[in-house]
Amino acid sequence: MIAADQTQSWIDGHSVLANAPAWLNKQRTDALTQFETLGLPGVRDEQWRYTNLRALKSTAYQLAERSALNTELPATNGTRLVIVDGYVDLEASSIDNIDVTLGSLSDMLGNTEVQAAFGTTLPVKQHGFMSLNTAYADDGYVLIIAPKLVLKDHIEVVFVNQASETVSHTRNLIIAGAHSQCTVVERHISAADNPTHLSNVITEIVTADNAHVDHYKIQQLGDAAFHIGGVFVNHASHAHVKSHNIALGGRIARNDVHCNLLGQGAHIEMNGLVVGSGAQHVDNHTQVNHLVPHCTSDEFYKTILDDQSRSVFRGRIVVAQDAQQTNADQQNNNLLLSPQAEADCKPQLEIYADDVKCSHGATVGQLDPKSIFYLKSRGISDEQAHTLLTFAFANEVIERVQVESIRTELTQLIAGELLSGLADLV
Amino acid sequence: MLVIKNLHVSVFDTPILKGLDLEVKAGEVHAIMGPNGSGKSTLSNVIAGRDGYEVTEGSIEYMGNDLTELEADERACEGIFLAFQYPVEIPGVSNMAMLKAAINSKRKYHGEDEISAGDFLKLIREKADLVEMKQEFLKRSVNEGFSGGEKKRNEILQMAMLEPKLALLDETDSGLDIDALKVVSQGVNALRSPDRAMVLVTHYQRLLDYIVPDFVHVLANGRIVKSGDKSLALELEEKGYGWIDGLQKAG
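Protein chains in written order, with the numbering used here: chain A, 1 to 426; chain B, 1 to 251.
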């Protein structure tokens, strides 16, 4: 059993994978050594100063074990991989209908592409949970898109948090071949009995030249769940990646999205939407490393907070000395629906090149009384006016969602029945 | 339709309207003219039910009922429409979505079924033609990035869609070039009907060349100081608002 606040106890639970190749065991033991130095983050760490992990640390977690899915998922005609407490559940998945390499990390450790890509996207400066992920993750999904392969339909990966008082460390890897195109939708949910589960999930995305990857992360965990996540991307030349990070659930949820623009002409779009209520705490930390010339980044995060919920946004953009002709934009807008809600927002731009265009903006505010009166003067009730304006706020991010079913789902979530049947009109 | 008696209104404890009387019957078009700060916009806002406008004395009766008891949205559902002087931009909600929500709110208020998607589209296309608004504007966010003229045309489109009994047009002409003014006026004139009343609030006589009123009232210092027909507007244009000061002193 692991007492969450003691570094040593996390380490004692560790065992080197018997069947893992040497290269992975090396990474795991190195990560563990790193964790010994880092320990679990606390409010004294600059990146965690607005995030009190007391609630997360109050549970003693056991490492989750492989188990079968005990929750019913909505039917799908598409491609779906199911991961239960960190382990791929092939029985519950439907992946035979697609001609790509998609499967379980533990089955694919012998793959040379996996070996070459694994761990290459992770930030130099990590926090303790990242090290723990590398040290402990036994499984996760691997998706390899062959060069020039264009997938029209999205691939869904459902992560189910099932066993209470356990922690799962999951490691995923997307390898996108040159000129390939794919859309991956990660959905994080809790089993019906709302377990107190800590999920620590990292997805690495490694692109070749001109690859296009649309990555969605929809975190809709139960309010007893804790989630630490990371999406880390390496961009080759002219690779285009869109990261849609939609955080709706969890008691405490932190997500890092980092990307390294390593090839000229690469583009990253980072979209984020947080909808918080109750006692939720949602953190988003983004980092874009412009390392070579002619790359573009476009970041747009919106947060809606009700009740006593809190959010943190940190957006760091680094433009290296050689990264001339960079065009980087970052926007973070926060809407507070309750006087008790709190949003902390920290844009950080570090620019070492002299011929670049970088802009950023951050706002924290409430619904505009002028807009509310405008809608009411058209016959719309006070409550509906609030709903419509809250939706309007979110919609600028929702509009960027390319998958229609997700757009509809988010519209429904925020606007309820108010805009039903208006999918084409809004 | 609308009977205002001895109306006193304060905004943030500052008295703006000080004993205003006005009666508007169905089918009539009234113009309220007056210099800046005379209380023109306060009058339209207080009828529409904007927060922060406190009626301290007097009454506003609409269709025989005390209007001040109703919330802004209830007034709209009862048939009152305010065309804003400065229409609000709402990024993220399309014109169509807002109008459909508005029409359905009104229908629900009157115990009617929601409008079907087909009927709604037919209606909005027809009304958009009235103000020469291109279809693409309907899908755009409410007023976002619209020019001054486009915003005012959008107000008239909304009015056409909601078919009010009493329309208040607050400085609808201000800032418009002559072409936009003509389009807006045509739209308004097309909506004149025997069972609809209109109150135009304006600073300039020019609007009244295009929308000819039945009555003209001059508002000064929170009261109506002179009423007449359309010739009063011309007289006012000729003599200037300085003339009003004289009238007040004489009165």
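Check each hint, because a few of them may be wrong.
[Unchecked claim] Heads up, simulated DSBU-like pairs for lysine-lysine below, C-alpha to C-alpha not over 35 Å straight-line:
(1) B/LYS108 <-> B/LYS239
(2) B/LYS165 <-> A/LYS370
(3) B/LYS25 <-> A/LYS242
(4) B/LYS165 <-> A/LYS57
(5) B/LYS226 <-> B/LYS108
(6) A/LYS357 <-> B/LYS139
(7) B/LYS182 <-> B/LYS134
(8) A/LYS125 <-> A/LYS357
(9) B/LYS151 <-> A/LYS370
(10) B/LYS134 <-> A/LYS242
(11) B/LYS226 <-> A/LYS242
(12) B/LYS230 <-> B/LYS25
(13) B/LYS134 <-> A/LYS152
(14) B/LYS239 <-> A/LYS57
(15) B/LYS182 <-> A/LYS152
(16) B/LYS151 <-> B/LYS25
(17) B/LYS165 <-> B/LYS182
(18) A/LYS148 <-> B/LYS18
(19) B/LYS151 <-> B/LYS230
(20) A/LYS26 <-> A/LYS125
(21) B/LYS5 <-> B/LYS134
(22) B/LYS165 <-> B/LYS226
(23) A/LYS148 <-> A/LYS26
(24) B/LYS122 <-> A/LYS357
(25) B/LYS108 <-> A/LYS370
(26) B/LYS122 <-> B/LYS5
(27) B/LYS139 <-> A/LYS152
(28) A/LYS370 <-> B/LYS18
(29) B/LYS239 <-> B/LYS182
(30) A/LYS57 <-> A/LYS26
(31) A/LYS370 <-> B/LYS182
(32) B/LYS25 <-> A/LYS148
(33) A/LYS26 <-> B/LYS108
(34) B/LYS134 <-> B/LYS165
Calculated directly from the structure, the hints in this document are not laboratory data.
Going down the list of hints, with the structure as the test:
no. : hint                  : in the structure
1   : B/LYS108 <-> B/LYS239 : violated, 49 Å
2   : B/LYS165 <-> A/LYS370 : holds, 24 Å
3   : B/LYS25 <-> A/LYS242  : violated, 59 Å
4   : B/LYS165 <-> A/LYS57  : violated, 63 Å
5   : B/LYS226 <-> B/LYS108 : violated, 41 Å
6   : A/LYS357 <-> B/LYS139 : holds, 31 Å
7   : B/LYS182 <-> B/LYS134 : holds, 17 Å
8   : A/LYS125 <-> A/LYS357 : holds, 26 Å
9   : B/LYS151 <-> A/LYS370 : holds, 16 Å
10  : B/LYS134 <-> A/LYS242 : holds, 33 Å
11  : B/LYS226 <-> A/LYS242 : violated, 65 Å
12  : B/LYS230 <-> B/LYS25  : holds, 17 Å
13  : B/LYS134 <-> A/LYS152 : holds, 33 Å
14  : B/LYS239 <-> A/LYS57  : violated, 79 Å
15  : B/LYS182 <-> A/LYS152 : violated, 50 Å
16  : B/LYS151 <-> B/LYS25  : holds, 28 Å
17  : B/LYS165 <-> B/LYS182 : holds, 23 Å
18  : A/LYS148 <-> B/LYS18  : violated, 76 Å
19  : B/LYS151 <-> B/LYS230 : holds, 27 Å
20  : A/LYS26 <-> A/LYS125  : holds, 19 Å
21  : B/LYS5 <-> B/LYS134   : violated, 42 Å
22  : B/LYS165 <-> B/LYS226 : holds, 26 Å
23  : A/LYS148 <-> A/LYS26  : holds, 33 Å
24  : B/LYS122 <-> A/LYS357 : violated, 46 Å
25  : B/LYS108 <-> A/LYS370 : holds, 24 Å
26  : B/LYS122 <-> B/LYS5   : violated, 41 Å
27  : B/LYS139 <-> A/LYS152 : holds, 27 Å
28  : A/LYS370 <-> B/LYS18  : holds, 25 Å
29  : B/LYS239 <-> B/LYS182 : holds, 25 Å
30  : A/LYS57 <-> A/LYS26   : holds, 28 Å
31  : A/LYS370 <-> B/LYS182 : holds, 28 Å
32  : B/LYS25 <-> A/LYS148  : violated, 72 Å
33  : A/LYS26 <-> B/LYS108  : violated, 67 Å
34  : B/LYS134 <-> B/LYS165 : holds, 26 Å
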